[in-house]
Amino acid sequence: MGVDRRQFLKIAGLSALAGLGAKSAFELLAPGKVEAALPLMEGKRWAMVVDMRRMTEGIMKKCSEACDDVHNIPNWGNPKVEIKWIWEEEFKHAFPDQENEYAADEVEHKDFLLLCNHCSNPPCCRVCPTGATWQREDGIVMMDWHRCIGCRFCMAGCPYGSRSFNWFDPRKAPKKLNPDFPTNPEFPTRSKGVVEKCTFCDARLAKGQLPACVEAANKIKKDILIFGDLADHESNVRQALRKHFTIRRKPELGTSPNVYYII
Amino acid sequence: MYDGGKIIVGLVIGLCLLLSPFFYNAGKAAKEPHPALTAKAKAAKKCVADTAYMRSNHMHLLDDWRQTVVRDNERYMKTADGKVYYKSLQVTCLNCHSNKTKFCDQCHNYLDVKPYCWDCHLVPKENK
Amino acid sequence: MLDRVIKGGPKYWGWLIFLAFMMTIGFIVYLYQFKVGLGVTGMSRDVSWGLYISQFTYLVGIAAGGVMVALPCYLHDYKAFGRITVLGEFMAIAAVLMCLIFIMVDLGYLPRIVNVIFYPHPKSILFWDMIVLNVYLLLNILIGWNVLAAERKGIHYQKWVKVLIYISIPWAFSIHTVTAFLYAGLPGRHFWLTAIMAPRFLASAFCSGPALLLIICLIVRKVSKFDPGEKQMRTLSGIIAYAFILNIFFFLMEVFTAFYSQIPGHMHSLVYLFAGLDGYGKLVPWMWAFAVASVVALVLLIVPATRRKEDTLLVACIAVIIATWIDKGLGLVIGGFIPDPFDKVFEYWPTTPEILIALGVWATGFFVLTVLFKMAVSLKEEVGA
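Residue numbers (the working numbering), protein chains in the order written: chain A, -9 to 253; chain Y, 595 to 722; chain S, 14 to 398.
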């Protein structure tokens, strides 16, 4: 054949380079990406202010329902395996560090609306070994259900109990409790074996819509849930925080939660 | 060779076992897959990329989408001819190609590929 | 060397077959768990880690405990231990293997385990745990195998093995420190949020590991011609004694901090474990069994007469294993999750599938342990050790 060893190695090397480069070349020639083709919600530090003075059971229930609907969250009817992204707890359970035998009537028997706090210093993101949960530039603590290995370290790390695990396949939840499942054909379900939680409706935000709970709540009472950008000095949340005294859950842990409660 | 008889018999049995799937399926060639387009897909004429590219690279495209959409929050793409698409398997792709069994499954079943996308991403109900 | 493994008596094979049976059951039940989901276990939204992770935590301690034989031998020239370092290393191999399998069966999406390698996140302690455990496994395989092979040939092991040995000693400390860090850095779990977590883990490791090793050595002496040595076992019992005293001392320190400060977050988990909370107290009898076993172990280990007599020493070691297993394998992990972040109690108890899978993993570890020890002991018998 007349190809000596040196020439063979040169040919082999060049072919290998070409082979490696081909895939990237393909991608370069593929259709390009575009940013900001449609109005996007721009923000640097998303936060929520919950006006507990005017909050009612009915509104909180509507928030949970809206969230469940939009995200195809199954109802297992069993607290052992339940999945909840936004829910209610009594004051003493929402704020166990505020031990008070003689709490004001206003809060003593009231249920508070709880969800992921999208902390500025989230311990859950620190402990995730794969980056399946991470803090976005706009402050949202996101979930990547393609990457989660289901180790549940984030669940151990979260001081607020905001995270739920898919102990079973969500599509196998009892039909009696989930007659219209899946309620939103435009959002995926998750698979068994991954952790999930509130993502401040990142998909809706990208379309310029408010989170589902905020939309549902404000339909009933205006500004009962205020969602906005903390980094913007004049935003709705900053104004609300300047005007009203607020508390956050377990601030002493240094997580810097971004869900504030007007009491 | 030593124990030549046993070795050759063993080799023949081994070879038969190894090649048995081919014997079993002899004469029964699987039908070439013909993914069918829905009326909506036909009317749209164009996909996010041309057919040849999609046929061999849709999985890479979707992998790129799930990376850029979920992790980088880049949800829109513009094709060469200026059309903007929302990058979503469920919302965009399956909007036109709503017939999974007659479209996606045709090639996937032929090649015995079982993408786990469907574990999470919902498929529109088809009328059989 | 491995050929020694297939030459054994009926009791040896009977034991291996029993273990293989348990492994098979565990594997089949695991397939069921893999198909249906981790919901078949007793874990819940509140207690999201259970038996699997607690066994992993306990076994990392056993694996690290092997260093208590290597350290005096290689760093302090206590040549007597040279007889049994290989046994310590082989026990470490079996223990680390069990750790890795327990993590795998606990994962929600096992096929994605490679994501930990593809997308490394050094801020996550799990990332470091994966590294230290796998390296420790490799170290022990290389060291144990080569030292044993050299012994068989009647020569000294090569110089590069010494380098690995010197690395493996601090590395053993690191594996259990890193595992303690999994727990000790979580801001929301007050039962675990203590600086003393890593020291407590190490103390527990350095009594439970050697205790298990001692029990296995006594068995080896009974079923083979190899005698690990009176002197060796006496020194080992001394190490177990001191480490166990330290372990209990550290535990009592936790009790003091919690109850003298009277801070609810610190007290609640201990109250749940030892007295019950809000009417829930599944673990109370177990924790008091831990207390009783601890007292028994302390007495038998401290009193020289009982420590030196083999039968009472055996009881002491069993008591140490029981005590440390309850403390780490049940109390620690479950206690950390109860009460939950809302100060409510949602109890955990392992289900039957969960227990069968766990037993299957233990059986796997003991299978590997038996095989490796058979090889080591047979070779030591042959060279007339």
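Any given hint could be a false lead.
Simulated crosslink set (PhoX-like; lysine-lysine; CA at most 25 Å straight-line) [claimed, not checked]: (1) S:Lys166 <-> A:Lys240; (2) S:Lys238 <-> S:Lys92; (3) S:Lys166 <-> S:Lys92; (4) Y:Lys677 <-> A:Lys197; (5) A:Lys166 <-> Y:Lys719.
Hints were generated in silico from the structure; no laboratory data involved.
Each hint tested on the structure:
For the proposed pair Lys166 of chain S and Lys240 of chain A, the alpha carbon gap of about 64 Å is over 25 Å, so the pair is violated. A C-alpha spacing of about 21 Å is found between Lys238 of chain S and Lys92 of chain S, which places the hinted pair at or below 25 Å, so the restraint holds. Of the pairs offered as hints, the one joining Lys166 of chain S and Lys92 of chain S holds, with about 19 Å between alpha carbons and a cut-off of 25 Å not exceeded. For the hint pairing Lys677 of chain Y with Lys197 of chain A, the CA-to-CA distance comes to about 17 Å; that is within 25 Å, so the pair holds.
Straight-line distance between C-alpha atoms of Lys166 of chain A and Lys719 of chain Y comes to about 20 Å, which keeps the hinted pair within the 25 Å bound.
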